[in-house]
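J.: Sequence:
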Amino acid sequence: MRIALGQVNPIVGAFADNLDKITAGVESAIAKGCDLVMFPELTLCGYPPEDLLLNRSFIEANKTYLKKLISRVGNIAVICGFAGSQGNSVYNSAAVIQNRKLLLTYNKVALPNYGVFDEKRYFQPGSEMPLLRLRNTLIGINICEDIWLCPGITEQQASFGARVILNISASPYHMHKAEERIEMLRDRAIRNNSHVFYVNMVGGQDELIFDGASLGIDPKGKVIARAEQFAEQLLIADIPEARTANNLAFELIKRAGTNPDRQFPIKYAEISDSNRRKLSRKVTARIARLLPLEEEVYQGLVLATRDYVLKNGFKHTVIGMSGGIDSALTAAVAVEALGKANVHLIFMPSRFTSELSHRAAMKQAQLLGVKMSDLPIVDLFEDYAELMNPVFGDCTTGLPGENLQARIRGNLLMAYSNKFGAIVLNTSNKSEAAVGYTTLYGDMVGGFAVLKDIPKTLVYKISKHLNRSRKREVVAREIIKRPPTAELKDNQLDTDSLPPYEVLDEILRLYVELDTDEHDIVASGFDPATVRRVLRMVAASEYKRRQSPPGARITPRSFGKDRRWPITNKF
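Numbering (the numbering used here), first residue to last: -4 to 566.
What the hints contain is simulated information worked out from the structure, not anything from laboratory work. We put the beta carbon where it would ideally sit given N, CA and C, even for glycine. Some hints could be false.
Below, a list of computed lysine-lysine pairs in the DSS-like style, where the Cα atoms sit at most 25 Å apart [said to hold, decoys possible]:
{"#": "1", "residue 1": "Lys172", "residue 2": "Lys556"}
{"#": "2", "residue 1": "Lys456", "residue 2": "Lys358"}
{"#": "3", "residue 1": "Lys217", "residue 2": "Lys27"}
{"#": "4", "residue 1": "Lys172", "residue 2": "Lys414"}
{"#": "5", "residue 1": "Lys262", "residue 2": "Lys277"}
{"#": "6", "residue 1": "Lys466", "residue 2": "Lys414"}
{"#": "7", "residue 1": "Lys262", "residue 2": "Lys63"}
{"#": "8", "residue 1": "Lys358", "residue 2": "Lys459"}
{"#": "9", "residue 1": "Lys476", "residue 2": "Lys358"}
{"#": "10", "residue 1": "Lys16", "residue 2": "Lys96"}
{"#": "11", "residue 1": "Lys556", "residue 2": "Lys484"}
{"#": "12", "residue 1": "Lys310", "residue 2": "Lys62"}
{"#": "13", "residue 1": "Lys476", "residue 2": "Lys459"}
{"#": "14", "residue 1": "Lys335", "residue 2": "Lys484"}
{"#": "15", "residue 1": "Lys335", "residue 2": "Lys358"}
{"#": "16", "residue 1": "Lys466", "residue 2": "Lys476"}
{"#": "17", "residue 1": "Lys96", "residue 2": "Lys27"}
{"#": "18", "residue 1": "Lys484", "residue 2": "Lys358"}
{"#": "19", "residue 1": "Lys277", "residue 2": "Lys217"}
{"#": "20", "residue 1": "Lys366", "residue 2": "Lys476"}
{"#": "21", "residue 1": "Lys96", "residue 2": "Lys63"}
{"#": "22", "residue 1": "Lys565", "residue 2": "Lys484"}
{"#": "23", "residue 1": "Lys96", "residue 2": "Lys335"}
{"#": "24", "residue 1": "Lys217", "residue 2": "Lys115"}
{"#": "25", "residue 1": "Lys414", "residue 2": "Lys335"}
{"#": "26", "residue 1": "Lys414", "residue 2": "Lys306"}
{"#": "27", "residue 1": "Lys310", "residue 2": "Lys262"}
{"#": "28", "residue 1": "Lys335", "residue 2": "Lys172"}
{"#": "29", "residue 1": "Lys414", "residue 2": "Lys310"}
Okay, the calculated beta carbon distance ranges per label pair [claimed, not checked]:
{"#": "30", "residue 1": "Arg527", "residue 2": "Tyr436", "range": "48 to 54 Å"}
{"#": "31", "residue 1": "Leu99", "residue 2": "Met179", "range": "22 to 28 Å"}
{"#": "32", "residue 1": "Thr18", "residue 2": "Leu49", "range": "26 to 32 Å"}
{"#": "33", "residue 1": "Phe566", "residue 2": "Val278", "range": "31 to 37 Å"}
{"#": "34", "residue 1": "Tyr436", "residue 2": "Val278", "range": "52 to 58 Å"}
{"#": "35", "residue 1": "Lys63", "residue 2": "Pro107", "range": "25 to 31 Å"}
{"#": "36", "residue 1": "Pro478", "residue 2": "Arg528", "range": "26 to 32 Å"}
{"#": "37", "residue 1": "Gln361", "residue 2": "Phe112", "range": "43 to 49 Å"}
{"#": "38", "residue 1": "Lys63", "residue 2": "Lys366", "range": "58 to 64 Å"}
Generate coordinates for the entire structure from the input sequences, incorporating the hints supplied.
T.: What follows is the structure, encoded as structure tokens:
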């Protein structure tokens, strides 16, 4: 049996483009002699559609384009995700298509409602179990969370004799997620004595990244095929035919649809083998290696940035350069994502900006081959002071003066954006956003926050990794070596206002990502006063984070979709 996994990058709502991607994958699978090809969850409409699923015309578009897909499918079996409906109910569905016919529709049973998932807001759960017959092999299909839930529908399918399990997914990325998936799928393959094939979506969709890494696992738990991370690919694998039963047994399975003792009634269909051809040799499936962690995160940021910019109709970007590591890494990501011709840097020194910062920013621009403009803000700052001081009193010292510098820079970046149609890439990191070490309408401006979910310590690790792995300077060495500073006043360092980032980031990881309470964080070895201060800063900064641009989700819990805290909160 030859199976193809179509790891594609759809766009939410771009039905015609998504249909063309699916069609191209089908044609490639036919040319390779595949028996069937499977595409990710909700591929036809894109994932996640969110409240578009409450729009009746969006649901009707799913029906329209499913009919178009059916009309394009010949003698290969195609499994594709779409938003199905019946009456007023909407389902997360998979269509099984062959010979211009819809053989069956399966509606996802296990609907996740945690973290970034809101599926119970939109979908009704399915109540039937699909089984397909290809020659003498019984195949079970299910969707994403269905296979994570154990025991669940996967075990039901295997109990009826399914020896191949096909799971279509749109599984959002976070660090170490690929390893988690592999361990789970190995368990399902071994537990159910079945081959398991798992096709995952790839691409960026607002805050979410889909990393691909589709794979096949044999009944002993061995990975027999794996697609690349963060890239579109048609992965093909051959597996031996598994004789499930004789024809009498298949007849009994058909009739089991009315068996009241089973949790899920059976939906049964037979796939013809009309695409089967004599093949010269067995396919040796690709087993792509998983990327090292820092490279994995970097490539995720590149994909997220590229897709957010291009899918939203932009071509060019602009970044405020400070001579610090956040803007340097953001620029490196942008250049790899979009090409140096589509990245413009602006250096905006104030009277507090050091010569080191100027040299570092210039060197970083040269390393990336990117044009950088110098726009000093000293005179603008004085103009603001001349205007405001007679009315408000001194606005040029202390926090008002520091924030005013950041807001002048934000205005200049947005002016460039308006003039040239470039999207501003925000450079704030997760550590700063967590504790509010950032200025509303200043260094928080932007259309997309590349490092929004990257702790400061990880910013350094990725930067060092890039230089080491590329065997050249990608991020200037002097930028990596210098102590972090906002340079909004004389001799300023981040540690004047914050704990060392090694301490801060670990407290934030425990508190934000793991929901560890104050008592247990202190018990793990941190200074009680420092912990209390950090937690107060996190709570007090919620209103700022609500006004920040969207950014790529990298950690198991980012600020945004999967951490929804009230702004007005006395707990």
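J.: A separate judgement is required for each hint: does it hold in the structure or not?
T.: Going through the hints against the structure:
no. : hint                        : verdict
1   : Lys172 / Lys556             : holds (17 Å)
2   : Lys456 / Lys358             : holds (20 Å)
3   : Lys217 / Lys27              : holds (24 Å)
4   : Lys172 / Lys414             : violated (41 Å)
5   : Lys262 / Lys277             : violated (32 Å)
6   : Lys466 / Lys414             : violated (38 Å)
7   : Lys262 / Lys63              : holds (23 Å)
8   : Lys358 / Lys459             : holds (16 Å)
9   : Lys476 / Lys358             : holds (14 Å)
10  : Lys16 / Lys96               : holds (20 Å)
11  : Lys556 / Lys484             : violated (35 Å)
12  : Lys310 / Lys62              : violated (34 Å)
13  : Lys476 / Lys459             : holds (10 Å)
14  : Lys335 / Lys484             : violated (32 Å)
15  : Lys335 / Lys358             : holds (15 Å)
16  : Lys466 / Lys476             : holds (18 Å)
17  : Lys96 / Lys27               : holds (22 Å)
18  : Lys484 / Lys358             : holds (24 Å)
19  : Lys277 / Lys217             : holds (18 Å)
20  : Lys366 / Lys476             : holds (24 Å)
21  : Lys96 / Lys63               : holds (11 Å)
22  : Lys565 / Lys484             : violated (33 Å)
23  : Lys96 / Lys335              : violated (47 Å)
24  : Lys217 / Lys115             : violated (34 Å)
25  : Lys414 / Lys335             : holds (19 Å)
26  : Lys414 / Lys306             : holds (21 Å)
27  : Lys310 / Lys262             : violated (47 Å)
28  : Lys335 / Lys172             : violated (31 Å)
29  : Lys414 / Lys310             : holds (14 Å)
30  : Arg527 / Tyr436: 48 to 54 Å : violated (29 Å)
31  : Leu99 / Met179: 22 to 28 Å  : holds (26 Å)
32  : Thr18 / Leu49: 26 to 32 Å   : holds (28 Å)
33  : Phe566 / Val278: 31 to 37 Å : violated (57 Å)
34  : Tyr436 / Val278: 52 to 58 Å : holds (56 Å)
35  : Lys63 / Pro107: 25 to 31 Å  : holds (29 Å)
36  : Pro478 / Arg528: 26 to 32 Å : violated (21 Å)
37  : Gln361 / Phe112: 43 to 49 Å : holds (44 Å)
38  : Lys63 / Lys366: 58 to 64 Å  : violated (45 Å)
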